[in-house]
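Residue numbers (the working numbering), protein chains in the order written: chain P, 1 to 382; chain A, 383 to 653; chain B, 654 to 928.
No lab work stands behind these hints: they were computed from the structure.
Ideal Cβ positions, reconstructed from N, Cα and C, are used throughout, including at glycine.
Incorrect hints may appear among the rest.
Quick list of in silico lysine-lysine cross-link-like pairs, DSSO-like style, CA-CA up to 30 Å [stated by the list, open to error]: (1) LYS457/A x LYS527/A; (2) LYS90/P x LYS700/B; (3) LYS109/P x LYS139/P; (4) LYS93/P x LYS287/P; (5) LYS527/A x LYS515/A; (6) LYS90/P x LYS527/A; (7) LYS515/A x LYS287/P; (8) LYS139/P x LYS90/P; (9) LYS396/A x LYS527/A; (10) LYS457/A x LYS396/A; (11) LYS93/P x LYS700/B; (12) LYS93/P x LYS139/P; (13) LYS287/P x LYS396/A; (14) LYS90/P x LYS109/P; (15) LYS139/P x LYS700/B; (16) LYS287/P x LYS90/P; (17) LYS527/A x LYS93/P; (18) LYS527/A x LYS287/P; (19) LYS317/P x LYS870/B; (20) LYS396/A x LYS515/A; (21) LYS287/P x LYS139/P; (22) LYS457/A x LYS515/A.
With beta-carbon atoms standing in for the labels, derived distance ranges [stated by the list, open to error]: (23) ALA132/P x VAL836/B: 45 to 51 Å; (24) GLU926/B x ARG542/A: 24 to 30 Å; (25) ILE920/B x PRO37/P: 50 to 56 Å; (26) LEU638/A x PRO95/P: 55 to 61 Å; (27) ALA924/B x ALA65/P: 53 to 59 Å; (28) ASP768/B x GLY540/A: 42 to 48 Å; (29) LEU337/P x PRO861/B: 32 to 38 Å; (30) ILE582/A x ALA65/P: 34 to 40 Å; (31) ARG801/B x GLY540/A: 47 to 53 Å; (32) GLY63/P x TYR493/A: 55 to 61 Å; (33) ALA432/A x GLY696/B: 49 to 55 Å; (34) GLU822/B x ASP333/P: 40 to 46 Å; (35) ARG92/P x GLN749/B: 19 to 25 Å.
Take a look, some chain A residues computed to stay more than 10 Å from chain B by CB distance [said to hold, decoys possible]: (36) LYS396; (37) LEU408; (38) GLU413; (39) ASP416; (40) ALA418.
Here's the letter readout for the chains.
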Amino acid sequence: MRTMGLAGLDELVAALGRAGYEVYGPRARDGAIVLAPIAGVADLPHGVGDTQDAAFYRLRDRGDAKVFGYSTAVQGLKPVLFPAHELLWKARKTPIGFDVEDADATPPKPRAFLGARDCDLRALAVHDTVLASREFADKAYGQRREGVFVVAVTCSDPCGTCFCVSQGGSPKPQEGYDLALTELLDGDGHRFLVEVGSERGAEILAEVTTTDAPPTDTAAADAVVAEATASMGRTLDTSDLHDVMYAAADSPHWDEVAARCLACTNCTLVCPTCFCTSVEDTTDLTKSMTERHRVWDSCFGSRFSYIHGGVVRESGKSRYRQWITHKLAGYQDQFGLSGCVGCGRCITWCPAAIDITAEAAALRAGLTTGATDALETAGETR
Amino acid sequence: MTTTTTTPTVAVWKFASCDGCQLNLLNAEDELLDVAEAVTIAYFPEATRAMLPGPYDVSIVEGSITTPEEVERIKHVREISGALITIGACATHGGIQALRNYADVEEYTRYVYAHPEYIETLETSTPISEHVKVDFELRGCPVDKYQLVEVISAFAQGRRPRIPTYSVCVECKRAGNICVPVAHGTPCLGPVTQAGCGAICPSFNRGCYACFGPQDSQNCHGMADRLAALGMTSEEMIRAYRTFNATCEPFQAESLRHERARKAGAEEVEA
Amino acid sequence: MTATDVVRDATAPGPMAPRPFRVVARRQDTHDTATLDLIPLYGEQAKWRSGQFMMLYAFGVGEIAVSISGGALPGEPLRHTIRDVGAVSHALVSSQVGDVIGVRGPFGTSWDAMDAVGGDVMFIAGGIGLAPLRPSILEAMRRRGEFRHVILLYGSRPGEGFLFTDEIEDWERNHGFTVHQGVRAGLAAVTSAPTFDPDHLLTLACGPDIMMEVAAKTLVGKGVPADKVRLSMERSMHCGIGLCGHCQMREAFLCVDGPVFNYDQLIPLLATEEL
Numbered sequence: 001m002r003t004m005g006l007a008g009l010d011e012l013v014a015a016l017g018r019a020g021y022e023v024y025g026p027r028a029r030d031g032a033i034v035l036a037p038i039a040g041v042a043d044l045p046h047g048v049g050d051t052q053d054a055a056f057y058r059l060r061d062r063g064d065a066k067v068f069g070y071s072t073a074v075q076g077l078k079p080v081l082f083p084a085h086e087l088l089w090k091a092r093k094t095p096i097g098f099d100v101e102d103a104d105a106t107p108p109k110p111r112a113f114l115g116a117r118d119c120d121l122r123a124l125a126v127h128d129t130v131l132a133s134r135e136f137a138d139k140a141y142g143q144r145r146e147g148v149f150v151v152a153v154t155c156s157d158p159c160g161t162c163f164c165v166s167q168g169g170s171p172k173p174q175e176g177y178d179l180a181l182t183e184l185l186d187g188d189g190h191r192f193l194v195e196v197g198s199e200r201g202a203e204i205l206a207e208v209t210t211t212d213a214p215p216t217d218t219a220a221a222d223a224v225v226a227e228a229t230a231s232m233g234r235t236l237d238t239s240d241l242h243d244v245m246y247a248a249a250d251s252p253h254w255d256e257v258a259a260r261c262l263a264c265t266n267c268t269l270v271c272p273t274c275f276c277t278s279v280e281d282t283t284d285l286t287k288s289m290t291e292r293h294r295v296w297d298s299c300f301g302s303r304f305s306y307i308h309g310g311v312v313r314e315s316g317k318s319r320y321r322q323w324i325t326h327k328l329a330g331y332q333d334q335f336g337l338s339g340c341v342g343c344g345r346c347i348t349w350c351p352a353a354i355d356i357t358a359e360a361a362a363l364r365a366g367l368t369t370g371a372t373d374a375l376e377t378a379g380e381t382r
Numbered sequence: 383m384t385t386t387t388t389t390p391t392v393a394v395w396k397f398a399s400c401d402g403c404q405l406n407l408l409n410a411e412d413e414l415l416d417v418a419e420a421v422t423i424a425y426f427p428e429a430t431r432a433m434l435p436g437p438y439d440v441s442i443v444e445g446s447i448t449t450p451e452e453v454e455r456i457k458h459v460r461e462i463s464g465a466l467i468t469i470g471a472c473a474t475h476g477g478i479q480a481l482r483n484y485a486d487v488e489e490y491t492r493y494v495y496a497h498p499e500y501i502e503t504l505e506t507s508t509p510i511s512e513h514v515k516v517d518f519e520l521r522g523c524p525v526d527k528y529q530l531v532e533v534i535s536a537f538a539q540g541r542r543p544r545i546p547t548y549s550v551c552v553e554c555k556r557a558g559n560i561c562v563p564v565a566h567g568t569p570c571l572g573p574v575t576q577a578g579c580g581a582i583c584p585s586f587n588r589g590c591y592a593c594f595g596p597q598d599s600q601n602c603h604g605m606a607d608r609l610a611a612l613g614m615t616s617e618e619m620i621r622a623y624r625t626f627n628a629t630c631e632p633f634q635a636e637s638l639r640h641e642r643a644r645k646a647g648a649e650e651v652e653a
Numbered sequence: 654m655t656a657t658d659v660v661r662d663a664t665a666p667g668p669m670a671p672r673p674f675r676v677v678a679r680r681q682d683t684h685d686t687a688t689l690d691l692i693p694l695y696g697e698q699a700k701w702r703s704g705q706f707m708m709l710y711a712f713g714v715g716e717i718a719v720s721i722s723g724g725a726l727p728g729e730p731l732r733h734t735i736r737d738v739g740a741v742s743h744a745l746v747s748s749q750v751g752d753v754i755g756v757r758g759p760f761g762t763s764w765d766a767m768d769a770v771g772g773d774v775m776f777i778a779g780g781i782g783l784a785p786l787r788p789s790i791l792e793a794m795r796r797r798g799e800f801r802h803v804i805l806l807y808g809s810r811p812g813e814g815f816l817f818t819d820e821i822e823d824w825e826r827n828h829g830f831t832v833h834q835g836v837r838a839g840l841a842a843v844t845s846a847p848t849f850d851p852d853h854l855l856t857l858a859c860g861p862d863i864m865m866e867v868a869a870k871t872l873v874g875k876g877v878p879a880d881k882v883r884l885s886m887e888r889s890m891h892c893g894i895g896l897c898g899h900c901q902m903r904e905a906f907l908c909v910d911g912p913v914f915n916y917d918q919l920i921p922l923l924a925t926e927e928l
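With the rest of the complex left out, here is chain P (with noise of 0.2 Å):
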């Protein structure tokens, strides 16, 4: 294994460049961690940490040089590969009718991404399952998905809404990435231990100045990922989950969540994995040309589910339902994997502070025993 310091860092920054990449990574903006185009390890959060929990998120000074201190950004890598706005198509009228020509076909740029964790590789996974593994894919995002590269990195600091533990997942990255870093911040110095996952992450990190990691750097790095498992700041009970979900369909704590529940969209605009999305049309004032743009939309809106004589999903229990179902049961029937990678942004950015982790485990508590029996039922009969 090789390992290299903050001017190693820059030098990769600056070879994924040279190798055509738009770099994305972590900076600080609005006092919050976002990921964004960097130029080079100037432009990273340095020393920078957070503190997150449910509708409350604050940077903090680590009172370190650490660069990727912090837990999980803003956002996964979901902005950029699914836009929240993005045109599908122009229409316009002709004599005999209308034509209609695709959105601009050019391929992007590729992006790289540094500083992804675990959770937003799974995420991506995810999405690449939902987006182009199935009958009908989405063309663009399969473009820009193709020639993404990742520098992912051990996560060292989980927050007080992390459970990526209980949903499978690890502090330290599993698959999906072209390098994979640990930053060690010690006696020895500022450095990160480089694991290589792909051939071309070889061949970038060949333009990088590096030296053999010693063992104790690959011990430190196993501690690093030891500590970061055993401070999850929350955990979800996964045991007969799907089952549970769908046994707790016709639950009373369902109103009790209502309550509080503000049906502002905020936790599937943040979650990595949700994919809903609107379509918008503009027409110019004299109606001879349109255009049809997608924009993302939730399942908490009141016109997501409108038919023609009424909104099917009327109430908010039954859109937190149908979301909170869908993360942890639907998704297993439509893609065979859970749609929660235990990232907690839902939980972090909920202005109204409600906690998938909370409300799973009371729907779970909501049980009657006429819905357990019919739950053993349902798992012997699976």
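Given chain P, put chains A and B in place with the hints provided.
Chains A and B alone, transformed into the frame defined by chain P:
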């Protein structure tokens, strides 16, 4: 610029208001040229001296009803209009001047005017829709110029305006804004407020003031509990829910709930 | 009847872009419902199966999901029967011969009425729900000799009117269909037990959720296996290809897993309101 008799005629009317919404139509400079080609601006005292006689295909009404004269005038506007669109918080929900609905207007008049005996005004400021049938209400204080152009286009083209009714949070998240209540502790009414402004205030790290009125699935009670958690007092909450859209039902109900609690001298607001 | 059975139109530029189709015939069916026949401006006619739907686009107004009401034989124009219930459907219903509208599709699962060959087949329609059933009814008519009883139960709301009345008369008179038709008549007819053999009956139903659910429950109560009752479900279909999320009903994407489902798949989904 060409206008033909086939383009719809549009009239713009002002009631009790600050003119800001009409000015936003004028501010839509580039779009306005297209508007002028697609419709005939037949009556728009703010912008032009040319006044074509009615009736008009589309009337755009700014302002609320605050005087007996306005009560009669809006009826006349309705009679000579095909579609009637109200624009801005004054026209849709009574506006800031609807704060008078919670106060003693006679007393105010005495303080403000040297000769209050010449002032003829109503006890309340009310939305246009309380007086005549309204075909579409465009929210905001002021309205967003792009939304205004969209509404005019839609009526000119005989389709439904594409005006979202979800929360401001949707616009914040699409824009990549950092959530101000969560990350800064700044009280923000965005979760209960209808989108349309482009999340202007949160884009500048300020809380939303709810000038676009309630979103379609608002939970004002739940919102108040969260504002209280951020340190807002009941008195501040009454103001927050009353500023621009004091007469709209969900905001009014919530402000009254806090007012009753305050009058009762209760520490805790009733559940 | 799985998603992979979907017949895709290879000539479409992309699944999200509509193709222009010209209205070549228009018939006013009831006061608010019209049938349009469509042929593509460019390229080949779309290929579809009975029960599938298209996304129809009115230029500059918007797009809605509409089931195909025409037969699926090669050479037939694409036919849609549309009820004027909103801005887009109003624009579509208002289009005249010569106008051009956009078409995406076909999408979704099919009725597969021929599974009933050798036995009885029953069509249960509520209001506009007769339109999506018509392609299968035409199949049953053409191959009438391969079925025993063919039953049509067709009810509509007061004032709604009836679709395809001339054809229904033809099916009854000349093709040996048993028809029960009237205002709110379909459901009553199910309960009054028309002639069918529950062990050899395939039922295809399309109408309001509640009508279909009551009909399915009644039939199951009479001994019809739940997987021999097929319902066409409607939710907010936007993309038609399982990507936008709007039409989800718990784990089902109605646009690709449906719209036609066997009732046994739907029992748990219909048990909870607002799912």
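Hint check results:
| no. | hint | verdict |
| --- | --- | --- |
| 1 | LYS457/A x LYS527/A | holds (27 Å) |
| 2 | LYS90/P x LYS700/B | holds (25 Å) |
| 3 | LYS109/P x LYS139/P | holds (15 Å) |
| 4 | LYS93/P x LYS287/P | holds (8 Å) |
| 5 | LYS527/A x LYS515/A | holds (24 Å) |
| 6 | LYS90/P x LYS527/A | holds (23 Å) |
| 7 | LYS515/A x LYS287/P | holds (28 Å) |
| 8 | LYS139/P x LYS90/P | holds (16 Å) |
| 9 | LYS396/A x LYS527/A | holds (17 Å) |
| 10 | LYS457/A x LYS396/A | holds (13 Å) |
| 11 | LYS93/P x LYS700/B | holds (26 Å) |
| 12 | LYS93/P x LYS139/P | holds (25 Å) |
| 13 | LYS287/P x LYS396/A | holds (29 Å) |
| 14 | LYS90/P x LYS109/P | holds (22 Å) |
| 15 | LYS139/P x LYS700/B | holds (23 Å) |
| 16 | LYS287/P x LYS90/P | holds (12 Å) |
| 17 | LYS527/A x LYS93/P | holds (26 Å) |
| 18 | LYS527/A x LYS287/P | holds (19 Å) |
| 19 | LYS317/P x LYS870/B | holds (27 Å) |
| 20 | LYS396/A x LYS515/A | holds (17 Å) |
| 21 | LYS287/P x LYS139/P | holds (28 Å) |
| 22 | LYS457/A x LYS515/A | holds (9 Å) |
| 23 | ALA132/P x VAL836/B: 45 to 51 Å | holds (50 Å) |
| 24 | GLU926/B x ARG542/A: 24 to 30 Å | holds (29 Å) |
| 25 | ILE920/B x PRO37/P: 50 to 56 Å | holds (51 Å) |
| 26 | LEU638/A x PRO95/P: 55 to 61 Å | holds (60 Å) |
| 27 | ALA924/B x ALA65/P: 53 to 59 Å | holds (58 Å) |
| 28 | ASP768/B x GLY540/A: 42 to 48 Å | holds (45 Å) |
| 29 | LEU337/P x PRO861/B: 32 to 38 Å | holds (35 Å) |
| 30 | ILE582/A x ALA65/P: 34 to 40 Å | holds (38 Å) |
| 31 | ARG801/B x GLY540/A: 47 to 53 Å | holds (51 Å) |
| 32 | GLY63/P x TYR493/A: 55 to 61 Å | holds (57 Å) |
| 33 | ALA432/A x GLY696/B: 49 to 55 Å | holds (50 Å) |
| 34 | GLU822/B x ASP333/P: 40 to 46 Å | holds (45 Å) |
| 35 | ARG92/P x GLN749/B: 19 to 25 Å | holds (21 Å) |
| 36 | LYS396 | holds (30 Å) |
| 37 | LEU408 | holds (26 Å) |
| 38 | GLU413 | holds (17 Å) |
| 39 | ASP416 | holds (15 Å) |
| 40 | ALA418 | holds (20 Å) |
When each numbered hint is compared with the structure, no violation occurs for any of them.
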